[in-house]
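Here the UniProt record's numbering is used: the first residue of the sequence shown is 1, the next is one more, and so on.
FYI, nobody ran anything at the bench for these hints, they're computed from the structure.
There may be inaccurate statements among the hints.
[What the hints assert, rightly or not] Per label pair, the in silico range of CB-to-CB distance:
{"id": "1", "residue 1": "Gln93", "residue 2": "Ile349", "range": "58 to 66 Å"}
{"id": "2", "residue 1": "Leu520", "residue 2": "Ser864", "range": "41 to 49 Å"}
{"id": "3", "residue 1": "Glu586", "residue 2": "Thr298", "range": "31 to 39 Å"}
{"id": "4", "residue 1": "Leu335", "residue 2": "Leu375", "range": "19 to 27 Å"}
{"id": "5", "residue 1": "Ile759", "residue 2": "Tyr784", "range": "45 to 53 Å"}
{"id": "6", "residue 1": "Ser244", "residue 2": "Ile759", "range": "55 to 63 Å"}
{"id": "7", "residue 1": "Phe405", "residue 2": "Ile349", "range": "25 to 33 Å"}
{"id": "8", "residue 1": "Gln729", "residue 2": "Ala630", "range": "16 to 24 Å"}
{"id": "9", "residue 1": "Ala592", "residue 2": "Arg440", "range": "41 to 49 Å"}
[Said to hold, decoys possible] Within a straight-line C-alpha distance of at most 25 Å, the following computed SDA-like cross-link-like pairs (lysine to any residue) qualify:
{"id": "10", "residue 1": "Lys789", "residue 2": "Ala722"}
{"id": "11", "residue 1": "Lys267", "residue 2": "Leu550"}
{"id": "12", "residue 1": "Lys267", "residue 2": "Leu249"}
{"id": "13", "residue 1": "Lys789", "residue 2": "Ile737"}
{"id": "14", "residue 1": "Lys267", "residue 2": "Trp255"}
{"id": "15", "residue 1": "Lys789", "residue 2": "Glu828"}
{"id": "16", "residue 1": "Lys789", "residue 2": "Arg753"}
{"id": "17", "residue 1": "Lys789", "residue 2": "Gln846"}
{"id": "18", "residue 1": "Lys267", "residue 2": "Glu120"}
{"id": "19", "residue 1": "Lys789", "residue 2": "Asp850"}
{"id": "20", "residue 1": "Lys789", "residue 2": "Glu873"}
{"id": "21", "residue 1": "Lys267", "residue 2": "Leu347"}
{"id": "22", "residue 1": "Lys789", "residue 2": "Glu872"}
{"id": "23", "residue 1": "Lys789", "residue 2": "His761"}
{"id": "24", "residue 1": "Lys267", "residue 2": "Arg119"}
{"id": "25", "residue 1": "Lys789", "residue 2": "Gly740"}
{"id": "26", "residue 1": "Lys789", "residue 2": "Gly825"}
{"id": "27", "residue 1": "Lys267", "residue 2": "Ser244"}
Ideal Cβ placement from N, Cα and C applies to all residues, glycine included.
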Amino acid sequence: MQSNGAARPWVVPRSPVELLAFRRVPMFAAAVAFAVGDALARRWHTPAMLLAETASLLLLAMLALRFSLRLALLPALGFWIAVGCWCAQLEPQNTPQTSLAPYADGLSRTFRVRVKRIRELHTADETEESAPDRSWMLEDEAWEADSRPAVQSLDLEVLGAEEVTPDASVMRDVHGGVRITITGAALDARCGDGIELPLRLREPEVYRDPGAFSYADVLLADAMGYLASGTADSAHVLHERRASVRCELYAAQSWASSRVAAFLGSKENRLLPTAVRITREDAALLDAMLFGDRLQLTQSLRVGFERTGTFHLFVVSGVHVALLAAGVYWLLRRLRFRIVVALPITLAITGGYTLLTGFGVPAQRALWMTACVLLARGLRRQGSPLNALGFAAIIVLALSPRALFESGFQMTFLVLLAIAGIAAPLTERLFFRFSLSLRRVDDVRLDAYLPPHEAQRRVVLRMLSGLVAGLLHPRLGPVPVWVLRGSVRLLELLLFGLITEAVMVLPMAIYFHRATLLALPANIVVVPLVGALLAAALLFFVCAVVSPWLALLPAALVGAVLHLVELPLGHLNRSAWADVRIPAPEPVAVMAAGVLLAFGCWALRRPQAAMAASGALAVALIPMLALWPASAHLHPGRLELTAIDVGQGDSILLVSPTGQTMLIDAGGPSGYAALIQSREHTAGPWDVGENVVAPYLWSRRIRRLDVVVISHAHSDHIGGMASLLRDFQPRELWLSIDPGDSPALQSLLEQARTQHMIIRHISAPQQFSWSGLTFEVLAPESSYANAGKPTNDDSLVLRSSFGRASALLEGDAEAPSEHEMLEHGRVEASTLLKVGHHGSLTSTGQGFLDAVQPRDAVISVGRSNTFGHPREEVLQRLEAGHVRTLRTDRGGAATFLLAADGSIVSEDMASHP
1 MQSNGAARPW VVPRSPVELL AFRRVPMFAA AVAFAVGDAL ARRWHTPAML
51 LAETASLLLL AMLALRFSLR LALLPALGFW IAVGCWCAQL EPQNTPQTSL
101 APYADGLSRT FRVRVKRIRE LHTADETEES APDRSWMLED EAWEADSRPA
151 VQSLDLEVLG AEEVTPDASV MRDVHGGVRI TITGAALDAR CGDGIELPLR
201 LREPEVYRDP GAFSYADVLL ADAMGYLASG TADSAHVLHE RRASVRCELY
251 AAQSWASSRV AAFLGSKENR LLPTAVRITR EDAALLDAML FGDRLQLTQS
301 LRVGFERTGT FHLFVVSGVH VALLAAGVYW LLRRLRFRIV VALPITLAIT
351 GGYTLLTGFG VPAQRALWMT ACVLLARGLR RQGSPLNALG FAAIIVLALS
401 PRALFESGFQ MTFLVLLAIA GIAAPLTERL FFRFSLSLRR VDDVRLDAYL
451 PPHEAQRRVV LRMLSGLVAG LLHPRLGPVP VWVLRGSVRL LELLLFGLIT
501 EAVMVLPMAI YFHRATLLAL PANIVVVPLV GALLAAALLF FVCAVVSPWL
551 ALLPAALVGA VLHLVELPLG HLNRSAWADV RIPAPEPVAV MAAGVLLAFG
601 CWALRRPQAA MAASGALAVA LIPMLALWPA SAHLHPGRLE LTAIDVGQGD
651 SILLVSPTGQ TMLIDAGGPS GYAALIQSRE HTAGPWDVGE NVVAPYLWSR
701 RIRRLDVVVI SHAHSDHIGG MASLLRDFQP RELWLSIDPG DSPALQSLLE
751 QARTQHMIIR HISAPQQFSW SGLTFEVLAP ESSYANAGKP TNDDSLVLRS
801 SFGRASALLE GDAEAPSEHE MLEHGRVEAS TLLKVGHHGS LTSTGQGFLD
851 AVQPRDAVIS VGRSNTFGHP REEVLQRLEA GHVRTLRTDR GGAATFLLAA
901 DGSIVSEDMA SHP
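Sequences are here, hints too, so could you generate the full structure?
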């Protein structure tokens with residue numbers, strides 16, 4: 001048998017999985033040590049300590065090399081820890097831009113700036129049917145808003161600012177960053193141009209609530225500290241162009257995005273049938289997928305892809321870079337380029353593409369991993385995926401050590417670790433021998449080198465193949481083998497997807513508060529189409545650069561594939577079970593999940609079957625840790641009221657002594673703030689409920705609300721309610737009246753009915769008990785009605801009592817409502833007062849305040865709001881009444897704990913800097 005030469009190395013029985021040995025993955029071990037050093041440097045290391053540690057480690061390493069190489073492992077890892085510490089210590093920090101603070105005083109002044117980045121805002125033209133209700137954008141006390149559409153977003157480097165004195169104005173040298181929105185006509189400027197223009201600087205809104213999204217931090221990461229709006233006709237371009245390399249890259253990215261936008265509005269696109277025509281949403285997806293420009297993605301698009309767990313497929317990620325590199329390398333080799341020529345060309349094209357996309361962390365990781373794999377191929381070495389992952393991690397962290405704490409870096413590398421560290425060895429254990437037995441089935445001589453059950457399988461397959469060939473056609477004989485091979489490949493893909501989703505449950509819960517229940521089927525449907533979509537999109541872009549007519553057929557192909565992908569995703573997204581919103585797991589659970597992941601990577605590579613099984617079990621436990629319901633952070637036995645910092649709006653969390661939860665209002669934009677926030681957050685309408693209120697509730701480990709209350713139908717009270725109804729599935733909805741002209745409130749009521757909530761209309765003088773509390777409705781009267789637009793006097797005014805303590809929640813009730821409450825004798829002394837209408841002069845009159853006699857009060861109001869809230873007269877009344885007053889614009893979220901004996905304790909976020 002040995003002489004026939006039929007044996008092949010692949011039929012020799014061997015372990016399909018290599019042990020996790022240091023010699024196989026030295027770069028992965030070094031990356032882990034580097035990350036440990038990066039993390040340690042944030043708290044415990046000083047430069048002097050680092051210098052001493054580095055010298056000691058070098059000495060230990062030299063001694064180990066002299067006496068025993070095995071001893072060199074620990075000092076080598078320690079050295080990489082020190083390198084990580086050094087990189088973190090030497091990295092420039094994003095410091096607050098205090099030099100511009102004196103100029104953010106509400107005055108309009110001239111600034112001399114240099115353009116760092118220009119991004120076009122391709123806003124859709126509004127029609128009467130599509131335009132939102134803008135009646136709330138202007139209010140009596142607000143500044144006049146510029147209602148012209150936003151067309152550009154500019155990042156500016158400030159070089160000088162006008163300093164106005166009573167005698168003259170002087171241009172002073174000052175430095176900082178400002179992001180401005182150009183309205184009306186676009187500004188004819190290029191990246192690097194110098195400009196002079198008048199601006200009124202604003203500080204970005206900061207919501208001081210645990211877990212709340214911070215747009216200020218996002219701006220600071222881009223070296224931008226302030227916001228402003230401007231117009232092209234007021235700007236003077238100086239034509240002193242000094243463009244940096246990054247500026248040129250941004251310009252190239254904007255140019256590429258503009259080519260897609262140009263085709264979108266072309267007559268050639270309008271000639272295409274509706275089924276394959278490129279729509280505005282399609283163009284936004286292409287910008288995100290090809291160039292990393294997510295600016296045009298609407299909130300509904302983002303949420304839809306996040307709910308189905310497919311968002312990573314439609315933005316620039318490692319998948320796109322890897323597909324591009326593989327395609328280019330395959331094409332060059334097909335054209336008979338030698339490896340030494342194909343490799344640098346592939347790397348050059350791939351590197352240029354990653355620069356065009358903005359050189360984000362996913363693209364960086366894919367580029368360095370691709371370089372590592374291609375280098376190993378060029379040297380004819382068998383590369384380790386974990387080693388390539390470690391190499392890429394070290395490069396990314398060395399360039400930006402703070403990336404270790406960013407969600408993008410963590411999720412990107414966790415996905416690769418799940419694939420290379422868990423899925424790959426488990427797949428090899430389960431399917432390697434089976435796949436091996438399916439090779440060259442027609443070669444009978446190989447059966448002798450296989451175990452009996454595998455040889456028997458090959459015999460059966462040959463019999464089936466002969467039967468199929470005899471009954472149907474000789475060319476169809478291999479079909480049974482093809483079907484079995486395809487089934488094995490499908491099972492492998494399913495296992496890869498299942499493990500990836502199991503591992504990604506943890507970061508999805510931490511950063512997005514989502515458990516994507518339909519992510520696996522959605523990815524199975526979409527992933528096979530992504531490669532074809534990317535190839536077609538690249539071809540479309542190249543053709544669109546040359547001529548719109550040339551891009552016609554590629555555009556039709558791209559439109560067809562995109563709409564084909566969106567069809568199943570749309571059905572999955574509309575399912576109520578697409579995802580579940582959950583709080584982030586406790587830190588102990590996160591650490592335990594990390595230990596289980598590390599153990600799984602190690603155990604699945606051990607030769608013992610029991611050890612491998614325990615590794616698979618450990619990985620299976622990770623989703624349970626992420627989803628395990630932790631106890632809510634409450635204060636049993638006390639009545640809690642927390643005024644959540646939602647800017648110029650209201651949102652109050654009330655927790656009963658028995659632990660039931662009630663949310664009164666959900667914040668939302670108001671007046672001029674509504675317009676500027678919609679411009680600053682160009683990805684879609686700024687949702688205070690989703691981005692501010694919900695994260696605060698999740699930070700308290702609250703998964704569901706028992707009751708939500710709508711005080712009245714103004715946008716600064718109900719603007720964020722829709723997302724909270726979806727996220728927290730409350731059992732009941734309380735409100736007073738239904739104004740005749742409030743589409744937003746009617747939409748909320750329809751949503752509540754769809755979600756099978758109990759809707760209760762309450763009015764004065766009702767009294768009732770709820771969860772150990774007594775509620776009195778003080779306003780409006782049962783006879784009150786409003787057939788027009790919502791007004792402040794529609795406000796539902798509630799008084800909640802717990803023993804000798806009580807809280808009066810006034811909403812936005814104004815003087816007429818207060819007078820009516822006083823006339824009916826319903827206003828009693830209360831421990832806590834939520835001041836009406838954000839401290840406006842129209843509320844909290846002296847007579848009303850004398851009747852309430854509060855010990856504590858809270859004003860929910862936005863920083864630098866355009867209404868002048870709270871008014872000084874109201875603050876003086878509170879001070880004269882010796883009322884201890886907390887304000888959300890100064891202290892952030894304010895919490896009050898009321899005990900049955902009438903005592904009250906208060907604190908705000910300023911107490912916990």
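Hint check:
no.: 1; hint: Gln93 to Ile349: 58 to 66 Å; verdict: violated, 35 Å
no.: 2; hint: Leu520 to Ser864: 41 to 49 Å; verdict: holds, 46 Å
no.: 3; hint: Glu586 to Thr298: 31 to 39 Å; verdict: holds, 34 Å
no.: 4; hint: Leu335 to Leu375: 19 to 27 Å; verdict: holds, 21 Å
no.: 5; hint: Ile759 to Tyr784: 45 to 53 Å; verdict: violated, 18 Å
no.: 6; hint: Ser244 to Ile759: 55 to 63 Å; verdict: holds, 58 Å
no.: 7; hint: Phe405 to Ile349: 25 to 33 Å; verdict: holds, 32 Å
no.: 8; hint: Gln729 to Ala630: 16 to 24 Å; verdict: holds, 18 Å
no.: 9; hint: Ala592 to Arg440: 41 to 49 Å; verdict: holds, 46 Å
no.: 10; hint: Lys789 to Ala722; verdict: holds, 19 Å
no.: 11; hint: Lys267 to Leu550; verdict: holds, 13 Å
no.: 12; hint: Lys267 to Leu249; verdict: violated, 30 Å
no.: 13; hint: Lys789 to Ile737; verdict: holds, 12 Å
no.: 14; hint: Lys267 to Trp255; verdict: holds, 20 Å
no.: 15; hint: Lys789 to Glu828; verdict: violated, 31 Å
no.: 16; hint: Lys789 to Arg753; verdict: holds, 22 Å
no.: 17; hint: Lys789 to Gln846; verdict: violated, 28 Å
no.: 18; hint: Lys267 to Glu120; verdict: holds, 21 Å
no.: 19; hint: Lys789 to Asp850; verdict: violated, 31 Å
no.: 20; hint: Lys789 to Glu873; verdict: violated, 29 Å
no.: 21; hint: Lys267 to Leu347; verdict: violated, 37 Å
no.: 22; hint: Lys789 to Glu872; verdict: violated, 29 Å
no.: 23; hint: Lys789 to His761; verdict: holds, 18 Å
no.: 24; hint: Lys267 to Arg119; verdict: holds, 24 Å
no.: 25; hint: Lys789 to Gly740; verdict: holds, 7 Å
no.: 26; hint: Lys789 to Gly825; verdict: violated, 29 Å
no.: 27; hint: Lys267 to Ser244; verdict: violated, 36 Å
In this structure, the earlier hints numbered 1, 5, 12, 15, 17, 19, 20, 21, 22, 26 and 27 are contradicted, and the remaining ones agree with it.
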